[in-house]
Amino acid sequence: MNREGTLYKVVLLGVLCAICGLLLGGVNAVTAPIIAEAKIANEKVNLEKIYPGATFTAVEDYKDESGMVEGVYVAEGKGMIYKIHGVGYASDGFDFLIAFNDDGTVGGYQVLAENETSGFGKRCFEDEYVSQINALTTSDTAPLLSGATLTSTAIQKGYAAAVALFNAR
Amino acid sequence: MSESNEKKRGFWSEMIYNNPVFGLYLGICSTLAITTTLNNAIGMGVAVIVVLTISNIVISLIAPLTPDEIHIPVYIVVIATLVTLVGMLMQAYTPELYTTLGTFIDLIVVNCIILGRAEAYACSHNVAESARDGLMMGLSYTFSLLAMSLIRQILGSGVIELSNPMTNQLIFSLRLIPEGFEIPVFTTQTGAFLTFAILAALVSAYKLNNEKKEAAAAKAKADAAKEAAKAAAATAAKVKEAA
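In order, the protein sequences belong to chains B and Z. For the first sequence, the numbering used here gives the first residue as 3, with consecutive numbering after it. For the second sequence, the numbering used here gives the first residue as 11, with consecutive numbering after it.
Just so you know, the hints here were simulated from the structure itself, not pulled from any lab data. Among these hints, one or two may not hold up.
Across the chosen pairs, the derived CB separations fall in these ranges [to be verified]: (1) Z:ASN174 / B:ASP63: 48 to 54 Å; (2) B:TYR64 / Z:GLU139: 49 to 55 Å; (3) B:ASN4 / Z:ILE181: 56 to 62 Å; (4) Z:TYR35 / B:GLY79: 54 to 60 Å; (5) B:ILE21 / Z:LYS236: 56 to 62 Å; (6) B:LYS46 / Z:ILE181: 23 to 29 Å; (7) B:ALA170 / Z:ILE187: 51 to 57 Å; (8) B:ASN169 / Z:PRO83: 43 to 49 Å; (9) B:GLU50 / Z:GLY20: 55 to 61 Å.
No residue lacks a Cβ here, since even glycine has one placed at the ideal position from N, Cα and C.
Here chain B stands alone, though its shape is the one from the complex (with noise of 0.2 Å):
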């Protein structure tokens, strides 16, 4: 082939394209897997408490307008979780993992990491209301907890939001 032709160049290019091609599928068949665990690699413990043994997957494309969902996984053949942080009383907020199995009923609720007083907006995080919680399902919103006003109100809109994904997946 003449190489100084344009079919050359073209045919030269197509090739190197292809062969480059080829090796970024192999290697990013080999090393996506790593890196969506790595991802979640964190989280990992929270998930577990909530279904324990399943595989979880990072989902990164979600819409989420309240600004208070900071991560949502699935959890494969058993259902959602999401990762909501909300504002009560204490300024820097607490987080909290609120999932739904494939059903729509809550498969489990979970506090990460909060600072809220105890005897007030603690509570929100303890047996009573946490079954509270438990019962419901995506139709429901969250009860508030009078005494803990402010927790609640921040639990009840990170639920919202947290359905409104759900319902939009």
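Place chain Z on chain B using the hints.
Below, chain Z alone, put in the same frame as chain B:
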């Protein structure tokens, strides 16, 4: 600079003379940006060594097949592929390091050192020479990063520390400047420029000084050769006379 001179100067001298950062002023952007810690410098250095060596090898292999008009696109495809591969591997196995180095890994694609060496060296030399050039250039780039990051980390934070990039565990940490006596400006971009300027000036001064010495040595040698020639001519004349 002649090839024989380069050989005479040896490894360390070559590191300084052909140093891409302080000698040829290539790849300065990433040098200024990432040399805040020793860990960053080593991570970036290794990434560049790998990309540069392999790209030099591949390019010296395909250069004879590549017509002049398309050699830039060909080199860019090769380099971009290598950088993406290194980026994916780093993201998978050294996620912490990947997060701190961030876009600068992807920006190795446009690091002038890589394309510069492909254009200036690899395309006209054989595979072994190109591989050696890539390795040496990568090493001297890493060497520059290490020098910058050591100075900046020690002066800026007072501590010199190294951690395992795979697990992010601290390997060692040594406080050299007592707390409260650090110069935080060295951790900022201002500090980066200051450090760069001082090091570049030092390298330049060394080069000038060395060049003078070399010129003097060459002159002395030439003079000695002249003297020797004169002496030889004189003896030859004497021998002739005697005969």
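Results of checking the hints against the structure:
| no. | hint | result |
| --- | --- | --- |
| 1 | Z:ASN174 / B:ASP63: 48 to 54 Å | violated, 33 Å |
| 2 | B:TYR64 / Z:GLU139: 49 to 55 Å | holds, 52 Å |
| 3 | B:ASN4 / Z:ILE181: 56 to 62 Å | holds, 58 Å |
| 4 | Z:TYR35 / B:GLY79: 54 to 60 Å | holds, 57 Å |
| 5 | B:ILE21 / Z:LYS236: 56 to 62 Å | holds, 59 Å |
| 6 | B:LYS46 / Z:ILE181: 23 to 29 Å | holds, 26 Å |
| 7 | B:ALA170 / Z:ILE187: 51 to 57 Å | holds, 54 Å |
| 8 | B:ASN169 / Z:PRO83: 43 to 49 Å | holds, 48 Å |
| 9 | B:GLU50 / Z:GLY20: 55 to 61 Å | holds, 58 Å |
Violated hints amount to a single one, hint 1; each of the other numbered hints is respected by the structure.
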